[in-house]
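Q: Listed below, chain by chain, are the residues.
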Amino acid sequence: MESRNSRILYLENLTIAFGGLLAVNDFSLEIFQGDLVGLIGPNGAGKTTVFNLISGQYLPTRGKVWFDGREITGLLPDKITALGIARTFQNIRLFGDLSVLENVLVSFHVRTRSSFLSSMFSLPRFWQEEKQIREEASFLLEAVGLKDMASERARSLPYGQQRRLEIARALATHPKLLLLDEPAAGMNPQETQELMEFIQRIRRDFNLTIFLIEHDMKVVMGICERITVMDFGMKIAEGTPEEVRNDPRVIEAYLGVETR
Amino acid sequence: MMNWTTFFQQLMNGISVGSLYALLAIGYTLVYGILGLINFAHSDVFMLGTYFAFFLIGVFMLPWWLSVIIGMGLCALVGMTIERVAYRPLRNAPRISALITAVGVSFFIENLGLVTVGARPKGFPRPELMKNVYFIAGARIQGVTFWVPLFSIAILLVLFYLVYRTKMGMAMRAVSKDMETTRLMGVNVDRIILYTFALGSALAGIGGVLWACKYPQINPLMGTFPGWKAFTAAVVGGIGNVVGAMIGGFIIGLAEIMIVAFFPNLTGYRDAFVFALLIVFLLVKPSGVMGETLKEKV
Amino acid sequence: MSGAEKRDLLLTGLLLCLLMLGVWWAQTHLNAYLIRIFNTACIYVVAATAYNLVNGITGQFSLGPNGFMAIGGYTVALLMLPMTQKQEVYFLQPLMWPFNAFSFPPSLFLLALLLGGLLAALVAILIGVPTLRLRGDYLAIATFGFGEIIIVLANNFIPLTNGALGIKGIPEYTNLWWTVGWAFWTVFVLKNLVNSSFGRALKAIREDEVAAEAMGINLFRHKLLAFALSGFFAGVAGGLFVTLISTVSPTLFTFTMTFNLLIIIVLGGLGSLTGSTITAVLFAFLQEGLREVEAPHTIGSWTFPGIPGMRMVVFSVILVILMIFYRRGLFGRWELSWQEVLNLLHRGKKTHGKS
Numbered sequence: 001m002e003s004r005n006s007r008i009l010y011l012e013n014l015t016i017a018f019g020g021l022l023a024v025n026d027f028s029l030e031i032f033q034g035d036l037v038g039l040i041g042p043n044g045a046g047k048t049t050v051f052n053l054i055s056g057q058y059l060p061t062r063g064k065v066w067f068d069g070r071e072i073t074g075l076l077p078d079k080i081t082a083l084g085i086a087r088t089f090q091n092i093r094l095f096g097d098l099s100v101l102e103n104v105l106v107s108f109h110v111r112t113r114s115s116f117l118s119s120m121f122s123l124p125r126f127w128q129e130e131k132q133i134r135e136e137a138s139f140l141l142e143a144v145g146l147k148d149m150a151s152e153r154a155r156s157l158p159y160g161q162q163r164r165l166e167i168a169r170a171l172a173t174h175p176k177l178l179l180l181d182e183p184a185a186g187m188n189p190q191e192t193q194e195l196m197e198f199i200q201r202i203r204r205d206f207n208l209t210i211f212l213i214e215h216d217m218k219v220v221m222g223i224c225e226r227i228t229v230m231d232f233g234m235k236i237a238e239g240t241p242e243e244v245r246n247d248p249r250v251i252e253a254y255l256g257v258e259t260r
Numbered sequence: 001m002m003n004w005t006t007f008f009q010q011l012m013n014g015i016s017v018g019s020l021y022a023l024l025a026i027g028y029t030l031v032y033g034i035l036g037l038i039n040f041a042h043s044d045v046f047m048l049g050t051y052f053a054f055f056l057i058g059v060f061m062l063p064w065w066l067s068v069i070i071g072m073g074l075c076a077l078v079g080m081t082i083e084r085v086a087y088r089p090l091r092n093a094p095r096i097s098a099l100i101t102a103v104g105v106s107f108f109i110e111n112l113g114l115v116t117v118g119a120r121p122k123g124f125p126r127p128e129l130m131k132n133v134y135f136i137a138g139a140r141i142q143g144v145t146f147w148v149p150l151f152s153i154a155i156l157l158v159l160f161y162l163v164y165r166t167k168m169g170m171a172m173r174a175v176s177k178d179m180e181t182t183r184l185m186g187v188n189v190d191r192i193i194l195y196t197f198a199l200g201s202a203l204a205g206i207g208g209v210l211w212a213c214k215y216p217q218i219n220p221l222m223g224t225f226p227g228w229k230a231f232t233a234a235v236v237g238g239i240g241n242v243v244g245a246m247i248g249g250f251i252i253g254l255a256e257i258m259i260v261a262f263f264p265n266l267t268g269y270r271d272a273f274v275f276a277l278l279i280v281f282l283l284v285k286p287s288g289v290m291g292e293t294l295k296e297k298v
Numbered sequence: 001m002s003g004a005e006k007r008d009l010l011l012t013g014l015l016l017c018l019l020m021l022g023v024w025w026a027q028t029h030l031n032a033y034l035i036r037i038f039n040t041a042c043i044y045v046v047a048a049t050a051y052n053l054v055n056g057i058t059g060q061f062s063l064g065p066n067g068f069m070a071i072g073g074y075t076v077a078l079l080m081l082p083m084t085q086k087q088e089v090y091f092l093q094p095l096m097w098p099f100n101a102f103s104f105p106p107s108l109f110l111l112a113l114l115l116g117g118l119l120a121a122l123v124a125i126l127i128g129v130p131t132l133r134l135r136g137d138y139l140a141i142a143t144f145g146f147g148e149i150i151i152v153l154a155n156n157f158i159p160l161t162n163g164a165l166g167i168k169g170i171p172e173y174t175n176l177w178w179t180v181g182w183a184f185w186t187v188f189v190l191k192n193l194v195n196s197s198f199g200r201a202l203k204a205i206r207e208d209e210v211a212a213e214a215m216g217i218n219l220f221r222h223k224l225l226a227f228a229l230s231g232f233f234a235g236v237a238g239g240l241f242v243t244l245i246s247t248v249s250p251t252l253f254t255f256t257m258t259f260n261l262l263i264i265i266v267l268g269g270l271g272s273l274t275g276s277t278i279t280a281v282l283f284a285f286l287q288e289g290l291r292e293v294e295a296p297h298t299i300g301s302w303t304f305p306g307i308p309g310m311r312m313v314v315f316s317v318i319l320v321i322l323m324i325f326y327r328r329g330l331f332g333r334w335e336l337s338w339q340e341v342l343n344l345l346h347r348g349k350k351t352h353g354k355s
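Read top to bottom, the protein sequences are chains P, A and L. As numbered in my numbering, residues 1 to 260 make up the first sequence, in order. As numbered in my numbering, residues 1 to 298 make up the second sequence, in order. As numbered in my numbering, residues 1 to 355 make up the third sequence, in order.
For reference, chain P alone in the conformation it holds in the complex (with noise of 0.2 Å):
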């Protein structure tokens, strides 16, 4: 169905040079409020310099990227997740020496109003503040499936679950628009099949739109309404999974490799 929804994210021609080398070359895509729209390529192809570029790790040497209406080009990281977009990570960058809630809770960090001094002097506000987003961040990782891991600590965690936490970090800054880099990967098929249930039930309750990078094609095609596709930081097609699925130029890139 077409939606007549707001446009949350606006890649304008955006191109990254690192030395001679274009990782991202004039690289433009729209994304809807509400969208779950996947980004795929062979590897090297540039899908995560895309990620970094929205996110702000990386300056773009040409283009925009814009946010709700907003320019967000070269803003810092930290204020664009303050203005609502959050992600995780190819390998994963956990806190690792911090505990599973601890991690979750640094995302509430941003949206704490209680200040510097209430928090060194133990003041009552600190705490009605800390309470409350104890209780979130709980109920975020019950979400995940992590509550009873809350104390461990986040290196420990075994593979699996540390991608988990790693949305619920995310999740917790509140954000419109979740970038996921490559969630299925290390994952068995019934992990898979859960994660692919999980995305689909948060875009639903916490009302987001979810732009993810992934390899396993059993996941893309089958909760990605719509599929771009990047190769030589380009892109080269772009449509809903039958469209995708039966392009010429993606199955020449793809050439050679699997799809599940």
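Just so you know, these hints were derived from the structure itself, not from any lab. Glycine included, C-beta positions come from ideal geometry on N, C-alpha and C. One should not assume that every hint holds.
Not the full set, but computed from the structure, chain A residues with beta-carbon under 10 Å of chain L [stated by the list, open to error]:
1) Leu90
2) Arg95
3) Val105
4) Phe107
5) Thr166
6) Met168
7) Trp228
8) Val235
9) Leu266
10) Phe275
With chain P's structure known, arrange chains A and L on it following the hints.
A: Same frame as chain P, but now just chains A and L:
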């Protein structure tokens, strides 16, 4: 106001000091290029070089040139020992841990020196060559101002040859570019690193001796400030870059002498200037004059 | 506030009362030598826990706390030094304005300390703004450089600091009440901070800067705040120190002071305020104890000559061994909380009951 003669004198002075900073800076830059470590203890090897020579000449009555050569060898040994004992166990640890260890090693050597030979400065026995006075272009130049840069530059040329024209040197440069890949290509990385430390330390040793020829009062803490100036030189020239270290050394040496020459009432602040310069470079152009800027991959 | 928080605050209040009782007892019963060591220990607690905030909690490696202590020390000295002393001490060059115009009475000692801390914090901000953007080892070098610059200034800016001669005759206002009091408040404030959302943000920065930033934490602002706060307490520690030993000179706050603080926080555990508190006290006693090693001893007819400087050799060996084998130090990142204390007591009661 300065006349031509004084200017020329100070210029020679600057080159003289600069060449010593260059010798010392190379040790810093080599180690940083390979291990990413700022070897705080390097300035103390510099100091040890003078004391080794001092004792070899004074106690064992060896001729000057022999003492210096043996001293260099001993310094190389000390450098390799430090690497093997203190730095190698931390090869895979966060860099800060290695830095803290380096500080510890430096303090250890300095205080061991204070304990064994005492804080009172001793007079270094200079060879006749250095004590002679020459008259060049109307300026009164001490032999040392003349011979030190000559020796230093000769050593620097030898070093240049070693680093850029030998297999060992190539291995060193390879390790500093990419340790893992070099290891995968069958190179014994540990041995290369030892060699690097030996080379840098030997240079520090001879640098120390030449320094003592110029400033004959030696004490266990003498390496501190020359060390920092040499490190600044390495950063200014481009940390990790050997030619950069050489150039940086001369820049710092000349700058230091010239500032003091033109503003004699600011002598006390001389050391502050060097640190200020270091900080400015770290902030503005950390890759130095010759270096390349690297971007971090996310 | 929940029950647990109220209980913790109560227990902390109780601890404060106990400490005050302890100080009152110590003042009347302990000899001056021991009191001096305790004073030094508490000053180390203030400086070391603040240092740990930056290095251990936030993971930013600074090598310049000696500079901030110097700023605090000199500020307090200049404010508290009586006018007559100012004339006497500054005989090379007269003391510059405004310090030559007034002098604080004893009642304003607290204000002097606060001003010393504030000035140090301000300088920390000035230094932090450019340098906190640097990564790891470069930050260390830059902060080291600034520390050295401050010492050079202290040595050369004679109209202000009296140069290498230093300032003598500073009234000895510091006593156990001040040092223990400040040690308590420093640890209280820092503990609360570390356990708060802000503290979590700092730890996140330590764990993974990129991820922390992606979760909405402004790296620069948080690092700067931690750095400034650390500078404040370092300044206060410096102020307490100069009014303890009644002199100040550039040699007091050389890099060796930073080195001492470094050993303290590494031994205690980078990231554990509890650890730093304990090892700070330990270090103060160790310093004194090792002084014995440095003095000559006569046993019977044997005379062992003193080895001055042996202390530092021992300390540097300890540091190197720690870094190679016990990098986590004594306490790692573990923090003592009232909950832990109660658990320990409870467990103790249980085993006693059984036997």
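Q: Are the hints correct? Go through all of them and say.
A: How the hints compare with the structure:
1. Leu90: Holds. Min distance 7 Å.
2. Arg95: holds (6 Å)
3. Val105: Because about 6 Å separates Val105/A from the closest Cβ in chain L, which is inside the 10 Å limit, the hint holds.
4. Phe107: holds (4 Å)
5. Thr166: Violated, about 29 Å.
6. Met168: This interface hint is violated because 26 Å lies over the 10 Å limit.
7. Trp228: Holds: closest Cβ of chain L sits about 8 Å from Trp228/A, inside 10 Å.
8. Val235: Since the shortest Cβ distance to chain L is 8 Å, the answer is holds.
9. Leu266: At about 9 Å, which falls below the 10 Å cut-off, the nearest Cβ of chain L leaves the hint on Leu266/A intact, so it holds.
10. Phe275: Given a least distance of 4 Å, the restraint on Phe275/A holds.
In the structure shown, a violation is registered for the earlier hints numbered 5 and 6, in ascending order.
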